[in-house]
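Participant: Can you build the whole structure from these sequences, using the hints too?
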Amino acid sequence: MAATEQLTKADFQSNQETRWCPGCGDYAVLAAVQSFFPELGIPPERIVFVSGIGCAGRFAYYMDTYGMHGIHGRGPALATGLASARDDLSIWVVTGDGDALSIGGNHLIHALRRNVPVKILLFNNQIYGLTKGQASPTSELGKVTKSTPFGSIDAPFNPLSLAIGAEATFVARTIDTDKQHLPAVLRAAAAHEGAALVEIYQNCPVFNDGAFDALRDKKRGEVNRIYLEHGEPIRGVVRDADGALRLGSGGAPVVHDAHREDPAFAFALSRLSSSPDGPTPIGIFRDVRRPVSGSDLTAELAAARAGADDAALDALMRSGDTWTIS
Amino acid sequence: MAGDSGDGMQLAGSRFTDATAIFGNDLATLPDFPAEIRAPAGTVAGVSAFQIHFASRDILTPGDTPDVLVAMNPAALKANLPLLQRGATILVNEDAFSVRAVQKAGYAESPLEDGTLEGFTVKRIPMSSLTTRAVEDLDGVTSRDAQKAKNLFALGVLSWLYDRPTDVTERWITGKFDGPVEAANLAAFRAGWSFGETSELIDVQVKVDRNTEVLPGTYRNVNGTEATALGLIAASVKSGLPLVFGAYPITPASDLLHALARRHDMGVRTIQAEDEIAAASMALGAAFGGALGVTCTSGPGLDLKTETIGLAVMLELPLVIIDVQRAGPSTGMPTKTEQSDLLQALYGRHGESPLPVLAASSPGQCFEAVYEAARIAITYRTPVILLSDLFVANSSEPWRIPNAASLPPIDPHFRTTSTGAFLPYTRDDNLARPWAIPGTPGLQHRIGGLEKADGTGAISYDGKNHARMTKLRADKVDGIEVPDLEIHGEADADLLVLGWGSSYGTIRAGARRVREGGGRVATAHLRHLRPMPKNTGALLRKFDRVLVPEMNSGQLAHELRAQYLVNVESYGKVQGQPLLPSEMEQEIWRRLSS
Chain A
116 MAATEQLTKA
126 DFQSNQETRW
136 CPGCGDYAVL
146 AAVQSFFPEL
156 GIPPERIVFV
166 SGIGCAGRFA
176 YYMDTYGMHG
186 IHGRGPALAT
196 GLASARDDLS
206 IWVVTGDGDA
216 LSIGGNHLIH
226 ALRRNVPVKI
236 LLFNNQIYGL
246 TKGQASPTSE
256 LGKVTKSTPF
266 GSIDAPFNPL
276 SLAIGAEATF
286 VARTIDTDKQ
296 HLPAVLRAAA
306 AHEGAALVEI
316 YQNCPVFNDG
326 AFDALRDKKR
336 GEVNRIYLEH
346 GEPIRGVVRD
356 ADGALRLGSG
366 GAPVVHDAHR
376 EDPAFAFALS
386 RLSSSPDGPT
396 PIGIFRDVRR
406 PVSGSDLTAE
416 LAAARAGADD
426 AALDALMRSG
436 DTWTIS
Chain B
2 MAGDSGDGMQ
12 LAGSRFTDAT
22 AIFGNDLATL
32 PDFPAEIRAP
42 AGTVAGVSAF
52 QIHFASRDIL
62 TPGDTPDVLV
72 AMNPAALKAN
82 LPLLQRGATI
92 LVNEDAFSVR
102 AVQKAGYAES
112 PLEDGTLEGF
122 TVKRIPMSSL
132 TTRAVEDLDG
142 VTSRDAQKAK
152 NLFALGVLSW
162 LYDRPTDVTE
172 RWITGKFDGP
182 VEAANLAAFR
192 AGWSFGETSE
202 LIDVQVKVDR
212 NTEVLPGTYR
222 NVNGTEATAL
232 GLIAASVKSG
242 LPLVFGAYPI
252 TPASDLLHAL
262 ARRHDMGVRT
272 IQAEDEIAAA
282 SMALGAAFGG
292 ALGVTCTSGP
302 GLDLKTETIG
312 LAVMLELPLV
322 IIDVQRAGPS
332 TGMPTKTEQS
342 DLLQALYGRH
352 GESPLPVLAA
362 SSPGQCFEAV
372 YEAARIAITY
382 RTPVILLSDL
392 FVANSSEPWR
402 IPNAASLPPI
412 DPHFRTTSTG
422 AFLPYTRDDN
432 LARPWAIPGT
442 PGLQHRIGGL
452 EKADGTGAIS
462 YDGKNHARMT
472 KLRADKVDGI
482 EVPDLEIHGE
492 ADADLLVLGW
502 GSSYGTIRAG
512 ARRVREGGGR
522 VATAHLRHLR
532 PMPKNTGALL
542 RKFDRVLVPE
552 MNSGQLAHEL
562 RAQYLVNVES
572 YGKVQGQPLL
582 PSEMEQEIWR
592 RLSS
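Chains as they are written, first to last, in my numbering: chain A, 116 to 441; chain B, 2 to 595.
In case anyone wonders, no lab produced these hints; they're calculated from the structure.
What you are looking at is a predicted structure, and each value in this text was computed from that prediction instead of being measured.
Partial chain B-side listing against chain A, Cβ under 10 Å, derived:
#: 1; residue: 19
#: 2; residue: 25
#: 3; residue: 213
#: 4; residue: 218
#: 5; residue: 234
#: 6; residue: 274
#: 7; residue: 311
#: 8; residue: 400
#: 9; residue: 449
Coverage of chain B stretches by chain A, computed from C-beta distances (three or more under 8 Å per stretch; other residues unrestricted):
#: 10; segment: 220 to 228
#: 11; segment: 243 to 253
#: 12; segment: 284 to 294
#: 13; segment: 403 to 415
All C-beta atoms, glycine included, are put in the ideal place defined by N, C-alpha and C.
Facilitator: Rendered as structure tokens:
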């Protein structure tokens with residue numbers, strides 16, 4: 116389609132008024148996605164956003180593409196069904212930490228292990244926002260919220276470790292306000308053939324403000340962001356003699372290999388930080404190829420359907436032992 | 002035909018059925034499996050049975066009191082003897098009545114010796130040893146092959162007893178097996194037949210004439226599951242929509258997944274989902290993409306799908322949900338039948354969440370029922386629940402195969418263009434909204450579970466709009482055109498028996514017996530539970546008394562009273578077993594004479 120060349124950010128902005136809280140990290144992600152999508156060269160009618168419930172779930176309404184705002188946690192299942200019927204679409208799932216990891220945990224891991232061709236954007240703000248501030252499955256131990264007035268006693272998930280354990284073929288992490296890094300990760304996710312999981316650290320200014328300051332804050336971020344780039348040495352954080360932290364490569368440099376089949380390497384990287392209050396890897400942890408769910412089947416079935424006419428139906432219904440009464 | 006799970010009774014039964022169907026009798030069958038996959042051999046819990054009822058006139062049910070029982074072991078005898086009336090014939094595998102086997106079945110003494118079978122015509126046949134003798138000289142046949150072929154011996158005896166054509170069965174054996182197993186099975190079958198013919202033990206051969214009153218056409222034998230699978234494929238072919246079938250393994254619904262999973266040749270996509278919720282959601286996601294989305298379940302699976310069904314009501318997208326009902330609540334009795342999900346299907350969702358509900362009335366009618374469910378779903382953009390049950394799914398009957406060309410058309414009528422902004426919640430004459438699928442340029446839109454503004458589909462919290470949308474959703478469903486209820490029998494009969502779902506044949510058979518005895522009873526059967534036929538209320542009021550039999554504690558009766566203020570009488574049965582014609586006959590007489 117020739118017109119795709121002229122697509123602009125405005126082509127992806129729906130007429131719905133955005134209704135997140137002022138200062139919400141979701142605005143930054145939405146703007147980045149809308150700015151980035153024209154470069155994909157895919158006409159808006161071939162793009163579908165599927166979302167679950169939660170603040171992130173509203174995302175689908177704001178993209179001028181096809182969209183389905185589904186039910187809590189079921190986004191990956193709805194998207195799997197859509198992908199199984201249509202192999203000509205670019206399908207994106209927008210979800211949050213409660214949606215993806217709590218009520219929808221089962222659907223998330225199975226979409227990843229099936230390697231369904233959908234891109235899952237996991238907005239992780241470590242809190243339930245839409246229900247007004249309860250602990251989420253990524254909230255840190257001891258967190259005081261309305262539902263945990265004495266501090267959370269449940270250990271959090273590490274979403275990337277979970278995804279890698281679920282056989283995910285593409286696993287990445289980025290930050291809502293990082294205007295260069297976020298589109299770069301989305302670009303790589305879009306180019307990936309199977310399921311992609313992108314965790315986006317997203318600030319909730321109302322119920323969990325500052326959760327990611329160690330990374331989002333310009334000065335602290337410079338120290339704490341460990342950017343992963345395929346083929347490049349991974350810079351670590353070392354402590355100077357005076358106790359200050361600085362980026363560096365202590366010992367022999369480890370070169371990042373996102374394409375390594377063995378998930379142990381990516382898993383080890385995902386364990387470098389258990390909460391985003393210190394040095395944390397950012398980037399593409401894992402990007403490997405594995406057969407995509409139903410990749411050949413959709414075309415095979417479409418071809419079969421083309422031949423499935425009345426005659427084929429008559430033959431099928433009359434298969435086996437039949438008898439005729441005249 | 003009853004034996005241990007490993008005795009091959011279902012196979013023998015289905016072979017007898019095919020020969021009977023091809024011969025030209027009308028018939029109905031009912032398999033009865035044990036719940037355990039491998040129950041201890043020789044125990045009553047491990048008995049597997051197959052029942053067939055056939056005649057030269059139209060057959061309405063698998064029957065209630067068998068005339069002949071084949072019992073391959075003491076447990077099979079014990080499990081099925083209560084079904085028989087005195088005078089029935091029992092063919093027993095005498096070899097299987099060892100002291101140990103007798104005790105395992107829970108008998109203190111051999112029932113062949115202690116008078117248990119007094120009043121029955123008992124034929125003691127050493128089936129195991131006769132089978133062994135028939136096959137022992139064949140090349141490569143092991144004693145295990147011989148042991149496994151005794152069901153074919155029994156089938157041979159039974160085939161002779163009822164003068165069934167042997168070529169149908171022999172053709173099947175040679176097509177299905179080869180080598181020593183084929184030889185052993187053929188030999189066993191022929192030996193059984195010859196035994197019947199030559200042994201003086203069986204002195205009567207029963208001839209059952211062809212049924213000459215059947216409609217002309219091509220027939221095959223189908224169970225409800227096979228007919229449902231064919232109906233879904235037919236709906237896919239006729240609508241031009243790809244069939245995407247999401248399911249999670251659950252008894253007894255899984256058989257439909259198995260039947261459809263084989264049909265890549267017809268373009269069928271099946272997905273074994275991670276759970277019931279996902280199975281429904283995948284079907285709905287596929288529907289958003291322009292597919293015929295179908296999901297199937299039983300028992301607690303329907304509870305889990307409820308959330309997605311509610312979303313489908315809100316999205317107003319086509320979705321077919323097939324509920325193969327089984328005895329509940331909770332896990333209940335997974336291998337036993339019931340009709341106890343009716344009120345759940347009608348009302349079991351939060352908020353006001355109306356949808357059409359249909360029920361299949363016989364194995365063959367499952368085809369028509371699911372085709373109609375798909376047609377309504379697609380035409381009206383709505384989820385539709387089809388209630389089937391274990392009894393109708395597993396029973397079989399001859400099915401008059403329709404011609405594909407004569408099936409009602411199904412037009413998905415996708416919206417492909419729009420003058421001005423596309424409004425996804427405008428409505429056509431059926432109150433159905435436009436279905437515009439991804440890939441259609443210019444019609445990008447967002448839908449979701451939040452309440453919609455009438456017309457535009459934008460999120461709306463306006464109270465008056467919500468009231469209007471609630472009414473529109475209900476009016477759409479209640480405006481679906483449904484054929485009128487038909488009365489079978491005299492319009493001024495003393496009693497109307499009104500049923501729904503799989504009890505169709507049983508009620509008809511019971512009423513027929515009453516009429517033959519001079520009773521004045523009429524029957525009618527509901528295939529649409531929402532909306533109900535327009536003449537339902539008027540019809541109920543025309544009769545002095547209305548009896549509503551169902552395999553639950555009175556759910557349809559409850560619904561009829563609520564909707565029509567008619568004091569129908571309920572007859573409920575919740576024993577995990579289908580209603581029986583004799584039971585119906587008795588219940589009808591009880592009311593006619595009071």
